[in-house]
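Protein chains in written order, with full-length UniProt numbering: chain A, 1 to 269; chain B, 1 to 244; chain C, 1 to 244.
Worth flagging that the hints you see were computed from the coordinates, not collected in a lab.
Every value quoted in this text rests on a predicted model; they were computed, and no experiment measured them.
C-beta: ideal position from N, C-alpha, C; glycine also.
Treat the hints with care, since some could be wrong.
Claimed, not checked - List time: in silico DSBU-like cross-link candidates among lysine-lysine, alpha-carbon distance up to 30 Å:
hint: 1; chain 1: C; residue 1: K85; chain 2: A; residue 2: K173
hint: 2; chain 1: B; residue 1: K107; chain 2: C; residue 2: K53
hint: 3; chain 1: A; residue 1: K239; chain 2: A; residue 2: K173
hint: 4; chain 1: B; residue 1: K106; chain 2: C; residue 2: K53
hint: 5; chain 1: B; residue 1: K192; chain 2: A; residue 2: K45
hint: 6; chain 1: B; residue 1: K140; chain 2: B; residue 2: K106
hint: 7; chain 1: A; residue 1: K173; chain 2: C; residue 2: K53
hint: 8; chain 1: C; residue 1: K203; chain 2: C; residue 2: K192
hint: 9; chain 1: B; residue 1: K63; chain 2: B; residue 2: K84
To be verified - Per the computed footprint, the stretches of chain A lying under chain B, defined by three or more beta-carbons under 8 Å from a beta-carbon of chain B, are:
hint: 10; region: 31–39
hint: 11; region: 113–121
hint: 12; region: 144–152
hint: 13; region: 250–259
As the list claims (entries may be wrong) - Quick look at which bits of chain B chain C covers, simulated, 3 or more residues with Cβ under 8 Å:
hint: 14; region: 37–49
hint: 15; region: 75–82
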Amino acid sequence: MGLEKDGRQNFEDDRREDPDEAFHVDLDGYEGPLDLLLDLARRQKVDLARISVLALADQYLRFIEAARKVRLELAADYLVMAAWLAYLKSRLLLPAPPKAEEPDAASLAANLAQRLKRLQKIRAAAALLGERPQMGRDLFARGAPEGLDVVNAPLYQASLYDLLSAYARQRQKQALSHVSFKTRVVWSLAEAREALERILGMALEWTVLDDFLIQWVTSPTQARTVRASTFSATLELVKEGRIDLRQDRTFGPLWLRRKEEPPPALAAE
Amino acid sequence: MPDQDHLFDLRAADAASLLARETPSETQRAHMRLCEALVFAAEEPLGEEEMAKRLPEGADVAKALAYLKAEYFGRGVNLVRVGKKWFFRTAPDLAWALQREQVEPKKLSRAAMETLAIIAYHQPATRAEIEDIRGVALSKGTMDVLLETGWVRLRGRRRAPGRPVTFGTTDKFLLHFGLEQIADLPGLDDLKAAGLFDGRLPKGFGVPQPRDDSALMDDEEPLGDEPLGEAFAPDPSEGEAEES
Amino acid sequence: MPDQDHLFDLRAADAASLLARETPSETQRAHMRLCEALVFAAEEPLGEEEMAKRLPEGADVAKALAYLKAEYFGRGVNLVRVGKKWFFRTAPDLAWALQREQVEPKKLSRAAMETLAIIAYHQPATRAEIEDIRGVALSKGTMDVLLETGWVRLRGRRRAPGRPVTFGTTDKFLLHFGLEQIADLPGLDDLKAAGLFDGRLPKGFGVPQPRDDSALMDDEEPLGDEPLGEAFAPDPSEGEAEES
Numbered sequence: 001m002g003l004e005k006d007g008r009q010n011f012e013d014d015r016r017e018d019p020d021e022a023f024h025v026d027l028d029g030y031e032g033p034l035d036l037l038l039d040l041a042r043r044q045k046v047d048l049a050r051i052s053v054l055a056l057a058d059q060y061l062r063f064i065e066a067a068r069k070v071r072l073e074l075a076a077d078y079l080v081m082a083a084w085l086a087y088l089k090s091r092l093l094l095p096a097p098p099k100a101e102e103p104d105a106a107s108l109a110a111n112l113a114q115r116l117k118r119l120q121k122i123r124a125a126a127a128l129l130g131e132r133p134q135m136g137r138d139l140f141a142r143g144a145p146e147g148l149d150v151v152n153a154p155l156y157q158a159s160l161y162d163l164l165s166a167y168a169r170q171r172q173k174q175a176l177s178h179v180s181f182k183t184r185v186v187w188s189l190a191e192a193r194e195a196l197e198r199i200l201g202m203a204l205e206w207t208v209l210d211d212f213l214i215q216w217v218t219s220p221t222q223a224r225t226v227r228a229s230t231f232s233a234t235l236e237l238v239k240e241g242r243i244d245l246r247q248d249r250t251f252g253p254l255w256l257r258r259k260e261e262p263p264p265a266l267a268a269e
Numbered sequence: 001m002p003d004q005d006h007l008f009d010l011r012a013a014d015a016a017s018l019l020a021r022e023t024p025s026e027t028q029r030a031h032m033r034l035c036e037a038l039v040f041a042a043e044e045p046l047g048e049e050e051m052a053k054r055l056p057e058g059a060d061v062a063k064a065l066a067y068l069k070a071e072y073f074g075r076g077v078n079l080v081r082v083g084k085k086w087f088f089r090t091a092p093d094l095a096w097a098l099q100r101e102q103v104e105p106k107k108l109s110r111a112a113m114e115t116l117a118i119i120a121y122h123q124p125a126t127r128a129e130i131e132d133i134r135g136v137a138l139s140k141g142t143m144d145v146l147l148e149t150g151w152v153r154l155r156g157r158r159r160a161p162g163r164p165v166t167f168g169t170t171d172k173f174l175l176h177f178g179l180e181q182i183a184d185l186p187g188l189d190d191l192k193a194a195g196l197f198d199g200r201l202p203k204g205f206g207v208p209q210p211r212d213d214s215a216l217m218d219d220e221e222p223l224g225d226e227p228l229g230e231a232f233a234p235d236p237s238e239g240e241a242e243e244s
Numbered sequence: 001m002p003d004q005d006h007l008f009d010l011r012a013a014d015a016a017s018l019l020a021r022e023t024p025s026e027t028q029r030a031h032m033r034l035c036e037a038l039v040f041a042a043e044e045p046l047g048e049e050e051m052a053k054r055l056p057e058g059a060d061v062a063k064a065l066a067y068l069k070a071e072y073f074g075r076g077v078n079l080v081r082v083g084k085k086w087f088f089r090t091a092p093d094l095a096w097a098l099q100r101e102q103v104e105p106k107k108l109s110r111a112a113m114e115t116l117a118i119i120a121y122h123q124p125a126t127r128a129e130i131e132d133i134r135g136v137a138l139s140k141g142t143m144d145v146l147l148e149t150g151w152v153r154l155r156g157r158r159r160a161p162g163r164p165v166t167f168g169t170t171d172k173f174l175l176h177f178g179l180e181q182i183a184d185l186p187g188l189d190d191l192k193a194a195g196l197f198d199g200r201l202p203k204g205f206g207v208p209q210p211r212d213d214s215a216l217m218d219d220e221e222p223l224g225d226e227p228l229g230e231a232f233a234p235d236p237s238e239g240e241a242e243e244s
């Protein structure tokens with residue numbers, strides 16, 4: 001209801017005890033002014049169609065007055081309704097103005113009665129709805145349904161044109177952008193080393209490295225890569241102490257020879 | 001379980017008498033078996049189209065379901081239609097034997113129940129219309145609770161100043177309350193007879209029938225992309241919000 | 001499962017004959033309804049003791065269940081007992097209807113289309129050859145999709161280091177693209193005439209005459225038993241994979 005609990009409530013409460021009051025001045029149970037009006041109307045114990053709006057307005061205003069003594073602050077909804085009912089009451093009591101610019105008091109009253117009736121009906125409907133057997137409370141679906149499956153079976157679609165244009169598109173693209181380099185034959189370090197190790201047995205005495213290479217070089221274009229890789233491989237073998245390498249002068253031929261005594265590390269193996 | 005259920009049972013009885021008049025053919029029996037298995041296995045109410053896709057071409061699904069419904073009349077489990085969908089559920093009169101002690105479903109507050117009723121009987125309804133009938137501002141919480149149940153949905157927007165969001169009920173609502181269609185709402189005739197919802201219509205325009213069609217009505221338009229926040233938030237002009 | 005089901009059906013038929021011999025009394029009918037609803041709503045197979053607790057004192061649960069089982073004999077849904085527990089399940093012979101294939105039209109990705117075209121013209125083609133022509137690595141997904149279409153098949157293996165799998169087209173491919181034979185695929189001149197190639201082609205550019213003989217070619221051998229995984233997996237040495 002949004003009513004503020006007021007600190008002064010108890011004090012005021014003590015002062016106004018009215019045993020004659022026909023109703024409890026407590027708004028907490030009401031869902032707004034229309035609900036309050038409906039409750040008051042019900043106490044008239046007549047059909048809503050024949051309700052006395054004037055009497056109802058009086059009751060409402062008295063109730064609100066009383067309520068304000070209990071709580072200084074009332075929800076705006078209630079006060080707006082009170083103001084409107086006070087206005088309606090004055091209109092109902094005074095003779096109708098000669099030239100009616102506003103709806104006459106009787107139809108305003110009828111309209112209010114109609115709204116109350118509408119609220120009453122929808123309440124009844126809500127109650128009926130709530131009384132219906134409900135799923136999960138009174139009605140139960142199958143406890144353990146197996147479930148239905150939908151398996152998607154893709155159906156691929158493509159036209160011959162799609163196929164041909166896809167083919168032409170990429171063949172053309174590749175034909176124009178494809179720069180083909182001549183495949184370079186590269187002699188890897190591993191290959192060179194393997195080859196060297198295989199023929200080391202022949203090189204007990206000092207031999208020129210290029211003599212070895214001759215066996216491997218089949219075309220002049222390969223000479224560079226073979227020489228470079230083999231040279232690196234010889235350095236590795238020197239480091240391992242398996243061969244000796246010698247060069248007598250700058251840019252002179254490289255001499256290599258197998259070490260006669262295997263190094264202790266290898267002997268141990 | 002007043003009037004409405006009685007009506008519902010009458011319809012079911014009508015269906016039952018179908019089998020007294022007609023005997024399904026062998027083929028129809030086969031289709032009934034399939035529909036029975038499909039609806040039984042489905043986790044949710046099953047549409048006739050979905051069944052048709054799983055039955056032999058040209059099978060009369062509606063007829064098979066009518067026979068099947070008749071066969072289940074008076075049984076402990078009934079075949080029930082909700083909207084255009086079908087499902088099995090326990091018979092209403094056996095509720096006492098089935099109620100599970102531990103689970104007491106959360107009850108809706110009075111405000112929520114009334115708001116739900118207004119939306120159901122008056123749909124499509126705007127927040128302002130709900131507030132007008134109840135004579136009190138609608139709290140955001142109430143609407144949230146209802147949307148959370150899945151019984152209420154946002155339908156669209158009213159073609160009117162402010163383009164307010166319109167609310168309606170869902171198939172889940174029908175399912176939950178055991179209604180075949182929105183026209184089966186209890187007390188609807190009474191409400192219509194009282195002519196209570198024609199306030200916003202000119203005289204002679206007729207009493208609007210609540211509609212939960214997915215199609216928008218003439219005075220509705222799609223939700224669009226605007227944020228929906230304002231649809232739920234209390235009108236800023238109203239200081240107080242009810243507690244829900 | 002077949003044997004078991006057969007036995008089960010015999011037992012069910014026995015049960016069915018029960019109803020031919022005996023007619024349940026009104027009271028027994030009421031108990032059947034309750035059992036039906038209880039078993040239906042239960043989330044797990046339901047024991048007879050559990051049912052007895054919810055049925056009127058002294059009710060013959062076993063008898064009610066026997067009648068009920070008989071009633072469900074031959075229906076789309078059967079009442080089944082496992083040990084001392086009961087549950088409903090859809091009739092085993094209708095299992096096929098619970099699964100529905102839904103045809104979903106799909107377009108091939110550009111990568112897949114290009115790969116397909118290369119396979120068509122250059123078959124038998126290995127993955128490496130396709131990649132060489134396209135100038136981009138072939139993703140596993142692309143090949144999977146093509147095999148799924150049923151338009152591409154594994155032909156055999158190339159007699160070459162690594163024995164790579166060779167791909168070719170299928171009869172389904174011809175059917176889909178309206179070709180009588182693979183040789184009907186247009187050649188370079190036709191493609192040029194159709195405006196699919198412009199004039200800027202390097203000298204010596206050609207389009208192969210495609211062949212899809214089912215017989216393996218001289219440089220092919222049968223697939224053998226080796227796993228095919230490596231035929232699809234992208235070469236680990238290639239960093240970037242095309243998007244499929």
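Structure-based check of each hint:
With a C-alpha separation of about 70 Å, the suggested pair K85/C and K173/A falls outside the 30 Å cut-off, and the hint is violated. With a C-alpha separation of about 28 Å, the suggested pairing of K107/B with K53/C holds against the 30 Å cut-off. Restraint check: the Cα-Cα separation between K239/A and K173/A comes to about 51 Å, which exceeds 30 Å; the hinted pair is violated. Using a Cα cut-off of 30 Å, the hinted pair K106/B and K53/C holds, with the two alpha carbons roughly 26 Å apart.
Straight-line distance between C-alpha atoms of K192/B and K45/A comes to about 24 Å, which keeps the hinted pair within the 30 Å bound. This hinted pair checks out: K140/B and K106/B have alpha carbons roughly 19 Å apart, not beyond 30 Å. The hinted pair formed by K173/A and K53/C fails the criterion: a straight-line CA distance of about 80 Å is larger than 30 Å. Taking the CA atoms of K203/C and K192/C, the gap is about 15 Å. The hint holds against a cut of 30 Å.
As the CA atoms of K63/B and K84/B are separated by approximately 14 Å, the hinted pair is consistent with the 30 Å bound. Under the rule that three or more residues need a Cβ within less than 8 Å of chain B, the assignment of the region 31–39 of chain A holds, with 6 such residues. Coverage of a stretch by a chain is defined here by at least three residues with a beta carbon nearer than 8 Å to that chain's beta carbons; for the region 113–121 of chain A and chain B the count is 6, and the condition holds. Counting residues of the region 144–152 of chain A whose beta-carbon sits less than 8 Å from any beta-carbon of chain B gives 4, enough to reach three: the coverage restraint holds.
Coverage of the region 250–259 of chain A by chain B is violated in this model, with 0 residues showing a Cβ closer than 8 Å to a Cβ of that chain against a need of three. Coverage of the region 37–49 of chain B by chain C holds [criterion: at least 3 residues with CB-CB distance below 8 Å; count 4]. Only when three residues or more bring their CB closer than 8 Å to a CB of chain C does the claim for the region 75–82 of chain B stand; here the count is 3, and the claim holds.
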